[in-house]
Amino acid sequence: MAGGLSLYSEGTSLLHRAHPLTKGVLTLSAVALAFIVPSVGWVLVLAIVLLVLITLAGVLKRLLAVALAIVVPITLLLLAVQGFANPNNRTVVFALGPIVYFREGLAIAALAALRIACLVGATFLFSFTTRPADISEALMQRGLSPRMGYVLQSALQIIPQTLDMAGRIQDAQRARGLETEGSLPRRARAYLPLMLPLVLSSLVATQERAMALEVRGFGLRVKRLSRYEFVDTTAQRMLRWVMALAVPGAIAARIAGWR
Amino acid sequence: MGHGSGCTRSHRRANCGLALTEPALVFDGVSYAYEETPREAVSDISFSIATGEWVGMTGPTNAGKSTLCLLAMGLAPHFFGGRLKGSVVAFGRDSRTVPVIERSSEVGLLFQNPFTQISGARERVDDEVAFGPECHGLPRRVVAQRVEDAMRQVGISHLAARHPLDLSGGQLQRLALAGLLAMEPKLLLLDEPTSQLDPAGTAAIFEVLAGLHERGVTIVMVEHRLETLCELCPRIVAMVAGRVLADGPPEDVFNRQVVQERVGLPVFTRLARDAGLPAPWPVRLSDSTAAFRNPVA
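These protein sequence lines are chains U and C, in that order. Just so you know, my numbering puts the end of the first sequence at 412, numbered straight through with nothing missing. Just so you know, my numbering puts the end of the second sequence at 800, numbered straight through with nothing missing.
A hint or two may mislead.
To give a feel for the contact side, a few chain C residues facing chain U, derived at Cβ under 7 angstroms [stated by the list, open to error]: (1) Ser607; (2) Leu612; (3) Glu626; (4) Gly640; (5) Gly704.
Think of the hints as simulated: they come from the structure by calculation, not from any bench. Just so you know, even glycine gets a beta-carbon here, dropped at the ideal spot from N, CA and C.
Chain U with its partners taken away, still in its complex shape (with noise of 0.2 angstroms):
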């Protein structure tokens, strides 16, 4: 069977331990900082700042190799696109005859490259250091309903639970000797009877939970408790404000004129 779509990395550094909420807010506002921040040297603090996150995480090695496969490509575009067909370049860097490569290309490039990187490492720091029920949990804890909890927690479930079952429906339809390989009209051929048992075992599947979760006491009117108590410090809550606060700071300032 599948598992769940987490990517969570199990660890014991300060990042882990953080409450998923500082977490939260840390990778949403260094995700909007990095597109707000007007020059290459800025992003590039927040970059170092993020790397040294990571490390401290110790999810450097895992981080690196899933985030330059989506990092790498995308700079290599911007590079060429940018350095060599941006309306505003003026001044060359390099030319080989008739190819020319210019200065101006190469900042804004740079400049989308580096937060795009910020973006991967952020949202990659977070995931590789956060169960994604925690945060469901940490935001029950303050408020948000059960049943929305559920739906948050349960989302993240539903691709695997419904690829597995589609996994065994082929399987049992192969059994029966339906080809499911093959050129595209045999496909799509075994398309009709995969699908109808999926959307049928998914209804009854459905229908089974929705009692099941009613047995366990689910949608009780009692005060309920999580298991899990997240340490939440004076630091952490002030530092979730001086970020939080930072994102429409930056965004005044810019309108201000800062460049």
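Once you have looked at the hints, place chain C on chain U.
Only chain C this time, still in chain U's reference frame:
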């Protein structure tokens, strides 16, 4: 079938269970038909299960066993709608007046399919076990203790950090049972609780159930393995086509010709009958051994 329990059936009946006094579950003239179905799934059911009893239910497919479990839990008619005649009373409260989620504090139902018993929202086995107690608003310390106890009882403590979807069918069945045990219900309704387990796993689960029975938990268990039922349950309810065919101790139930014809009979009973031993035929391994050693008696 040996179950490794330290408390044999007769021993359990004599000393282990609580005094069988107050009824845990009463079916009084119950007939029920699912919505938009003309035929009744169960008809004219009347019996009472005392607190602390362990009752086995058996019968062929479509006998109405699972429907009785749904009625006892209150899912029928609360969840399914349909037409209910008569009354189903658990611990003194009529199922019509008690919502299922309220009843879940004292009655637990284990479904046939363990995959749908899990919440589908938790990423760890221990979190999944904690789901029910958390929904009931139990204190954090109590939840942690119950989760630990339930996982230990069904033998899945070593799987605590695993994702529920990564478990095998048997492990998932244990997880579903652990989730139920963590809620500490007074009445357990088990619809084929070991259908996906291997013999060792089955024996381990029955040992857990024996322990719960000793502590006074009332158990209603749907099971097709007649030998298992006879070994474990002091009382058997045999059903056919939505009606109770026989109700009583296993040796009485399986020595009735109508039960043998329509439900079947344990292998030991069949052996004794086919060997020409005089009736009543034994229904358990131990009784069977004694009967073959001393056939005249």
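Verification of the hints:
1. Hint on Ser607(C) holds. Least Cβ distance to chain U is approximately 4 angstroms, under the 7 angstroms limit.
2. At a threshold of 7 angstroms, the smallest CB-CB gap from Leu612(C) to chain U is about 5 angstroms, leaving the interface hint in force.
3. Evaluation of the Glu626(C) hint against chain U yields a held restraint, the C-beta minimum of about 5 angstroms falling below 7 angstroms.
4. Restraint check, Gly640(C) versus chain U: the minimum CB separation of about 3 angstroms is within 7 angstroms; hint holds.
5. For Gly704(C), the shortest C-beta to C-beta distance to chain U is roughly 18 angstroms, which exceeds 7 angstroms, and the interface hint is violated.
Violated hint: 5 only; the structure is consistent with all others.
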